[in-house]
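Kindly generate the complete structure, drawing on both the sequences and the hints.
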Amino acid sequence: MSCTTHKSVPDLFSSMVFNDGVMRERLPKDVYKSLRKTIDNGKDLDITVANAVANAMKDWAVENGATHYTHWFQPMTGITAEKHDSFISPTADGRIIMEFSGKELIKGEPDASSFPSGGLRATFEARGYTAWDPTSYAFIKDHSLYIPTAFCSYGGEVLDKKTPLLRSMEALSTQAVRILRLFGDTTTKRVNTTVGPEQEYFLVDKKLYDQRPDLIFTGRTLFGARAPKGQELEDHYFGAIKPRIAAFMKELDEELWKLGILSKTKHNEVAPAQHELAPIFSTTNVATDHNQLTMEVMKNVAQRHGLVCLLHEKPFAGVNGSGKHNNWSISTDTGKNLFEPGKLPQENAQFLLFLAAVIKGVDEYQDLLRISVASAGNDHRLGANEAPPAIISIFLGDELTAILDAIETGTVYGGTLRVNMEIGVNVLPTFPKDTTDRNRTSPFAFTGNKFEFRSLGSQLNIACPNIMLNTILAEELKQFADELEGKEDFNGALNALIKRVIKEHKRIIFNGDGYADAWKLEAEKRGLTNLPTTVDALPHYTDAKNLKLFADHKIYTEIEMQSRQDIILETYSKTINIEALTASDMVKRDILPAVSAYVSELSNGVLTKKSISEDIPCKAELDIIKRLSGLQDCAYEKLSTLDNAVIGVREAGDDPIAVAAYYKDAVIPAMNELRAVVDEMETLVSSEYWPYPTYADLMYRV
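At position 404 of the sequence shown (counting the first as 1) the number is 407 in our numbering, and the numbers step up by one without a gap.
Errors might be hidden in some of the hints.
Lysine-lysine pairs mimicking DSS-like chemistry, simulated, CA-CA at most 25 Å apart [as the list claims (entries may be wrong)]:
1. Lys106 / Lys86
2. Lys106 / Lys144
3. Lys192 / Lys548
4. Lys253 / Lys210
5. Lys245 / Lys269
6. Lys269 / Lys302
7. Lys557 / Lys46
8. Lys528 / Lys509
9. Lys46 / Lys481
10. Lys106 / Lys36
11. Lys523 / Lys667
12. Lys269 / Lys209
13. Lys192 / Lys339
14. Lys641 / Lys629
15. Lys509 / Lys591
16. Lys61 / Lys46
17. Lys591 / Lys577
18. Lys253 / Lys209
19. Lys577 / Lys667
20. Lys40 / Lys86
21. Lys269 / Lys10
22. Lys232 / Lys210
23. Lys245 / Lys209
24. Lys548 / Lys528
Now the in silico label distances, taken between C-beta atoms and shown as ranges [what the hints assert, rightly or not]:
25. Gly608 / Ala519: 47 to 53 Å
26. Arg27 / Glu102: 22 to 28 Å
27. Lys106 / Phe220: 40 to 46 Å
28. Gly386 / Gly45: 20 to 26 Å
29. Leu584 / Gln482: 45 to 51 Å
Read the hints as simulated data drawn from the structure, not as lab findings.
Everything numeric in this text was worked out from a predicted model, so none of it was measured.
Even for Gly, the Cβ is constructed at its ideal location relative to N, Cα and C.
So, in structure tokens, the structure goes:
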């Protein structure tokens with residue numbers, strides 16, 4: 004349990020982080036200034052400066068109980084990786100000293116052969132490199148100094164999620180600064196994207212978890228009849244937090260605060276046993292590192308409280324799944340939020356141009372945004388229970404939509420302040436914040452000064468969707484800057500551009516119910532993309548326009564994109580295969596024997612009654628015996644179908660798309676049919692005989 008409760012929160016916060024305050028205190032002034040230039044402007048770090056930083060970092064870490072260091076990186080597994088080396092170095096007299104060099108700080112060499120590479124690396128090509136990311140502060144955890152790093156192959160191919168994220172942030176900054184210069188901003192040097200990822204999760208009792216092979220191997224329940232009570236009374240959402248959960252949340256906050264993570268909000272979510280944590284936003288690169296760290300800490304803290312933290316997107320059927328709301332915005336290095344409407348006409352014209360870039364980008368690259376959240380787990384979640392549909396659209400709210408309509412048509416805006424919408428000439432209205440309701444069925448909603456991308460699954464690494472968002476916006480801003488730079492009549496050109504963008508791309512704006520069948524028909528009429536599953540979406544990743552987008556902004560090469568497409572598809576197929584094997588094993592080894600035992604007990608009871616008297620009624624037992632025996636035979640047939648489907652994947656060949664399509668079309672339906680029969684049997688079998696904790700046990704015994 005946590006032993007830090009005696010410290011105040013300000014004293015606790017960042018106490019395990021080698022942050023700017025620590026660097027300013029411990030580094031010589033010239034070294035600190037040089038390091039700040041590297042962090043702020045991307046300047047190369049001199050080895051003498053690196054040596055000074057490494058020595059100060061090591062001294063601080065050792066003082067705080069660290070004995071090892073690790074280059075902490077994010078391979079394409081979706082989770083983090085680490086290899087620990089101690090600070091010890093031998094001396095001539097047989098003793099040791101604690102050393103850490105600038106070379107060790109800047110570069111590491113982990114084995115790259117066993118990480119997913121999508122064909123970029125062969126098994127025998129083992130060498131890979133990690134490179135220090137000084138924009139994300141080092142921290143101490145479990146007596147090791149963690150150094151956030153990028154990860155690439157011996158040949159320079161990108162093998163991680165951090166490198167392309169940093170590239171996308173740089174690309175967006177470059178193009179956004181070009182736009183700001185057009186509006187007379189000569190002071191901004193850099194534009195940063197910021198993210199505040201809300202994190203949903205479930206907590207279950209560890210003793211019950213340990214009795215569920217499906218939770219252990221797949222993270223979700225492959226079988227389970229619905230509990231008598233689910234979320235229909237809406238009494239769990241924002242409800243009083245149980246003492247056991249409150250103790251977990253308290254320690255979680257303390258552990259996150261020590262690591263400099265801005266954990267702000269905690270509450271019960273909609274489904275029983277579901278909860279949410281929300282941080283204050285930070286720079287996207289740091290937010291990504293912090294979210295990966297948050298998920299790890301959540302799991303570790305839960306274990307200490309006899310709990311297990313479930314981060315699967317849909318651990319329980321029939322109730323809300325867990326998402327990760329990606330609150331994305333862009334701000335200048337002077338502190339101005341570029342998605343925040345202003346009070347002056349020029350500020351609002353600038354806001355409208357950035358808004359137009361988002362609208363155009365989301366419309367043109369709907370497929371990439373859908374791909375960025377694609378996974379086997381998220382396929383179960385999207386489209387119901389407060390998760391947005393697979394069809395990408397933008398929610399702007401009625402007032403902002405009405406303003407855009409007025410701009411497009413050149414008519415008078417009919418809001419509270421009636422004004423002509425000629426951009427840059429006549430007075431624009433003040434855009435008030437939060438004038439519209441929230442739309443929980445929208446994948447991409449404007450919420451005052453940011454966009455909330457709600458489609459992310461709860462265990463997703465947020466780097467991927469933010470790489471997409473940053474790169475898409477960089478492309479649109481580049482096009483806008485190319486068109487507007489050098490125009491004699493800037494206001495006229497700006498007005499014409501925004502009008503054109505609204506007219507050509509307004510189809511992506513939808514403020515209604517994303518769950519309605521009518522929206523699917525309307526979206527099809529508008530020509531919007533509907534990619535219901537990962538297998539439907541992923542083939543579009545390497546479409547020509549997408550390859551060009553990432554190549555033009557130097558985010559990915561074509562071979563790096565192909566590798567990522569293959570990795571996601573292979574992960575999808577492997578996930579379904581593990582689920583199918585687990586389901587088969589559970590039915591064979593536990594469920595069918597349990598049903599047989601219960602039927603035998605009922606049958607023996609009937610025989611006992613009949614031995615006493617033929618007149619004793621046995622209708623209840625006989626009906627249940629008959630129903631269970633029929634369901635048991637049906638389950639056995641469905642089990643055979645599933646097993647044959649798993650074996651049949653060999654016929655799909657080696658193409659990742661074909662293999663994934665086979666799992667979607669053959670294996671998943673077989674699993675679903677088997678589950679339907681098993682779940683019905685669960686409702687008929689005595690709890691004493693059913694081999695696993697039920698939904699009622701898992702969701703209410705916490």
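For each hint, the structure was consulted:
1. Among the hinted pairs, Lys106 with Lys86 is consistent with the structure: their alpha-carbon atoms are about 16 Å apart, no more than 25 Å.
2. Of the pairs offered as hints, the one joining Lys106 and Lys144 holds, with about 22 Å between alpha carbons and a cut-off of 25 Å not exceeded.
3. At most 25 Å may separate the alpha-carbon atoms for a hinted pair to count; Lys192 and Lys548 exceed this at roughly 30 Å.
4. For the given pair, Lys253 sits about 22 Å from Lys210 by alpha-carbon distance, which is consistent with the 25 Å threshold.
5. At most 25 Å may separate the alpha-carbon atoms for a hinted pair to count; Lys245 and Lys269 meet this at roughly 13 Å.
6. Between the alpha carbons of Lys269 and Lys302 the distance comes to roughly 16 Å, so the proposed pair stays at or under 25 Å and holds.
7. About 19 Å separates the Cα atoms of Lys557 and Lys46, which keeps this hinted pair within 25 Å; it holds.
8. Annotation: proposed proximity of Lys528 to Lys509 holds, straight-line Cα distance about 13 Å (limit 25 Å).
9. Annotation: proposed proximity of Lys46 to Lys481 holds, straight-line Cα distance about 24 Å (limit 25 Å).
10. At most 25 Å may separate the alpha-carbon atoms for a hinted pair to count; Lys106 and Lys36 meet this at roughly 20 Å.
11. For the hint pairing Lys523 with Lys667, the CA-to-CA distance comes to about 22 Å; that is within 25 Å, so the pair holds.
12. Restraint check for Lys269 and Lys209: the C-alpha separation of about 21 Å stays at or below 25 Å, so the hint holds.
13. Of the pairs offered as hints, the one joining Lys192 and Lys339 holds, with about 12 Å between alpha carbons and a cut-off of 25 Å not exceeded.
14. Distance check on the hinted pair: Lys641 and Lys629 sit about 18 Å apart at the alpha-carbon level, within 25 Å; holds.
15. For the suggested pair Lys509 and Lys591, the alpha carbons sit about 54 Å apart, so the restraint of at most 25 Å is broken.
16. Taking the CA atoms of Lys61 and Lys46, the gap is about 23 Å. The hint holds against a cut of 25 Å.
17. Restraint check: the Cα-Cα separation between Lys591 and Lys577 comes to about 21 Å, which is no more than 25 Å; the hinted pair holds.
18. Distance restraint check for Lys253 and Lys209: the Cα-Cα separation of roughly 19 Å lies within the 25 Å cut-off, and the hinted pair is therefore satisfied.
19. At roughly 12 Å between alpha-carbon atoms, Lys577 and Lys667 fall within 25 Å of each other, so this suggested pair holds.
20. Restraint check for Lys40 and Lys86: the C-alpha separation of about 29 Å exceeds 25 Å, so the hint is violated.
21. The suggested pairing of Lys269 with Lys10 holds, with an alpha-carbon distance near 21 Å, which does not exceed 25 Å.
22. Among the hinted pairs, Lys232 with Lys210 is consistent with the structure: their alpha-carbon atoms are about 22 Å apart, no more than 25 Å.
23. Distance check on the hinted pair: Lys245 and Lys209 sit about 16 Å apart at the alpha-carbon level, within 25 Å; holds.
24. In summary, the hint linking Lys548 to Lys528 is supported, as the alpha carbons are separated by about 23 Å, within the 25 Å threshold.
25. Under the hint 47 to 53 Å, the C-beta atoms of Gly608 and Ala519, about 51 Å apart, fit the expected range.
26. Hint check: Arg27 to Glu102, Cβ distance near 24 Å, so the stated range 22 to 28 Å holds.
27. Lys106 and Phe220 have their C-beta atoms about 42 Å apart, which keeps the hinted 40 to 46 Å range intact.
28. A hinted range of 20 to 26 Å is violated for the C-beta pair Gly386 and Gly45, which are about 41 Å apart.
29. Range check, Leu584 to Gln482: Cβ separation about 49 Å, and the 45 to 51 Å hint holds.
Checked against the numbered hints listed earlier, the structure breaks hints 3, 15, 20 and 28; every other hint is satisfied.
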